Amino acid sequence: MVSHPLIELRGVSKRFGGVRALDDVSMTIESAQIRCLAGENGSGKSTLIKIISGVYQPDKGEIIIDGAPVERLNPASSMEHGVQVIYQDLSLFPTLTVVENLFLNTYLRERRSTVNWRRGREMAREVLARLDVDLDLDATVETLPTAGRQIVAIARAVLADARLIVMDEPTTALTAREVERLFRIVRGLQQQGIAILFVSHKMREMLEISEELTVFRNGQKVAEGPITHFDERAITLAMTGRHLNTGRFAAPAGADVQTPRLLIEGLSVGHEVHDVSLRLMRGEVVGLSGLIGAGRSTLAKAIFGLRQDVSGRIELDGERLAPASVTDAIDAGVAYVPEDRLSEGLFLTRSIRDNAIASALGRFAPRLWLQRNRARAATEKMFEDMQIAAPNTDVPVSILSGGNQQRVVIGRWLMTDARLLILNGPTVGVDVGSKEQIHGIIHDLARNQGLAVLMISDDLPELAANCNRVLTMTNGRLTGELSGERLTEDALESALAAVTREGGA
Amino acid sequence: MRVLRNSNVVIALILVAAMVVIGLINPAFWQLSNIFSLLKANVVIGLMALGVLLIMISGGIDVSFTAFAIAAMYLVVRTMVAIDYDGVILPFIFATAIGGLLGLMNAGIIHKFHMIPLIVTLGTASLVRGLVLGGVGTSNVNIDEMPPSLIELGRANIVTLERANGTTFGLTAMILVYAALAILIHLVLTRTMIGRSVYAYGADPEAARRVGFKTGRTMIFVYCTAGALAGFAGLLHSSMSWLANPRGFVGLELDVIAAVVLGGCSIFGGRGSVIGTVLGVFILVMIQNSLILMGIDMTWQRVVVGGVLISAVAITALRDRRSPA
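Same order as they appear, the protein sequences are chains A and B.
For the first sequence, position 299 (counting from the first letter as 1) is numbered 299 according to my numbering, and the numbering increases by one without interruption.
For the second sequence, position 254 (counting from the first letter as 1) is numbered 254 according to my numbering, and the numbering increases by one without interruption.
Chain A extracted, bound-state conformation (with noise of 0.2 Å):
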């Protein structure tokens, strides 16, 4: 008997009114293959998962399950055929204990109108074994960590009998060490004889975990393969077509001969962040780098104004600079891009110009009136320089890929003329293209404008690409500095996991 794949597409295409989401495109998933789906925002990445889990009919082409063509794929039979997709939210109940959470689908699927708790517990319990981890089961899955829920949802996943498991973005907001635990799950559940379709956009993870490759861009498969024969670059080329720039941004002359624009002096904030001290010169990018709750964002805050139980020393350009409130900091010249851009930054619903001039309402509205005029043509400018992909600045945010949306807030801050601009993981979520934009984009702010920009990221990458200088921070001190030469993805690596050694974390 010849053994067939697990699932495979023949020429699938999905059209959206004008949109041509899949065009033609066929891929094949062996039983327990880890298989890599990249691609940019908007490249198809979605519609395909869509696709397999029934939620979308395609316009042309075949699916072929276990060999035989399957007719209309809805999501109740791609289930039965042991689909299981994992979204980025991932569809879990937060005020429920983890044990219900496991044994609801199941029963759900066996139809069950009573439920039995024990036999539900034994199930959990079961699972969690099966992939090796330990989680308190009577816990409400809100109060577990991003990581945990997403073990939840995994092992939910187990449960109904899952032969491929779709995941969409899973690190997104992992650290280093949860990554690790992820994949070692993955690998055990490929033991296990399951297959995994990762979606992702980040390349040292599809390099590390993936065995095959599908790159998507505009809605065809563009490139295809075993991991092997990709390296980083080769995956950007596929995903954007283009080849990006990953040289070093240089520190401008003579940064170091003026008054700093930042100078922090032996800062601390509240238990979180103990005596900081540091500069930032006109036109310099400083990263910050450091374990989640290291105090970074801490520090952030309190330069914008955020945390008033400060003690110790902030100048700006050479003035003393004692926010009472966010208003203060923004008057004084500092802009803060907040980690969360969706819930701390935009204003969704409302348009581009709408959202630009929040900030700097009181430029506008000197007195009780919104001057529209000035308003609009500095959002226009805004607009032009930030190269926002959208018709007009009269379209709601949320219609906007995540790469533009940052951009909006980020050009946002630059309407209010800041002098400072902290950055607070500036491209979660952004796919590769926009990234490497938005850091021309500061750069040029930086080099042109005299802007200093302190950069706050997990994307070692990114800071080693990025920055001038990068400075390391643990338990609320600031560990280490790294610059010039010495800068680099693996020094930098090194400094963390120096830091995770001595307890850290």
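Quick caveat, the hints were computed from the structure, so don't treat them as lab data.
Given the structure is predicted, the values throughout are model-derived calculations rather than measurements.
Worth double-checking, as some hints may not be accurate.
Calculated cross-link-like contacts (lysine-lysine; reagent style DSBU-like; alpha-carbon spacing at most 30 Å) [to be verified]: (1) A:LYS60 / A:LYS50; (2) A:LYS50 / A:LYS202; (3) B:LYS112 / B:LYS214; (4) A:LYS50 / B:LYS112; (5) B:LYS40 / A:LYS50.
Per label pair, the in silico range of CB-to-CB distance [as the list claims (entries may be wrong)]: (6) A:ASN74 / B:ASN140: 43 to 49 Å; (7) A:THR114 / B:SER126: 35 to 41 Å; (8) A:ALA76 / B:ARG247: 49 to 55 Å; (9) A:THR349 / B:GLU206: 46 to 52 Å.
We treat Cβ as the ideally placed atom computed from N, Cα and C, and that holds for glycine.
Here the structure of chain A is known, so what remains is to put chain B in place on it, guided by the hints.
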């Protein structure tokens, strides 16, 4: 489960503390006759609270159930008077069914049109109250007209004791009905898939749909049960008070919602329990009842209920916020 259990322990402790304080201020609180009348006052509010509990676990809210209770009660009593029917079982079946059907209307509107439960139930409440007054009548059915069978039922006691002066007092048998229905709802919520679907829907409606719950069915279950319980409680109230007032129960929504929130149910959905709700109802009724006992004017009751509601909501909101890391 652990959090819930803890919440219930906390609520029980509050209850005990309040009882001790009230008992110290006025020892009359501990008289058996007072305790019996307290328990009696729990029945109707408690039955309604069980329905509101279901709705609030599902993440919704209902302000129409008192209108439904009035509609079911008044329609049934008026019909009984008109056709001179004297019985118990059939009238209660009808009252329950009327409440359930009205609940179905809520479920249908909320689920089909994805509308906000508060607005929908405000609308249906006004609609139903108006229809009752305009279409059925505006006059009270007083004790002299009330069907004797209903009055008999309302007077039934489990135990009857005699005071020193020869008058009697007793513990209403309706407390058994309340207890039975509370146990039933508890079992449905904890041991059946439809019960768990209510929690799942309240925790995350989209996720509930994705794992394969039929969420329309959940909505129907929740709103129909709440309506049915309200209809049943409405007629029971009439038989316990020997009166059918088509303008009654105004403002009682707030008391019931306050009791449910006091019982640890989250206004954001996804958590809540029958045990907590029963305790919450008891605390609220006891506080109201003790105001009278402590000689505080009845008019202050609304202030107390409002205060209790706001503090309970604040406390549960604080509890629910300390969640994601």
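Sort out which numbered hints this structure fails and list those numbers smallest first. 5, 6, 9
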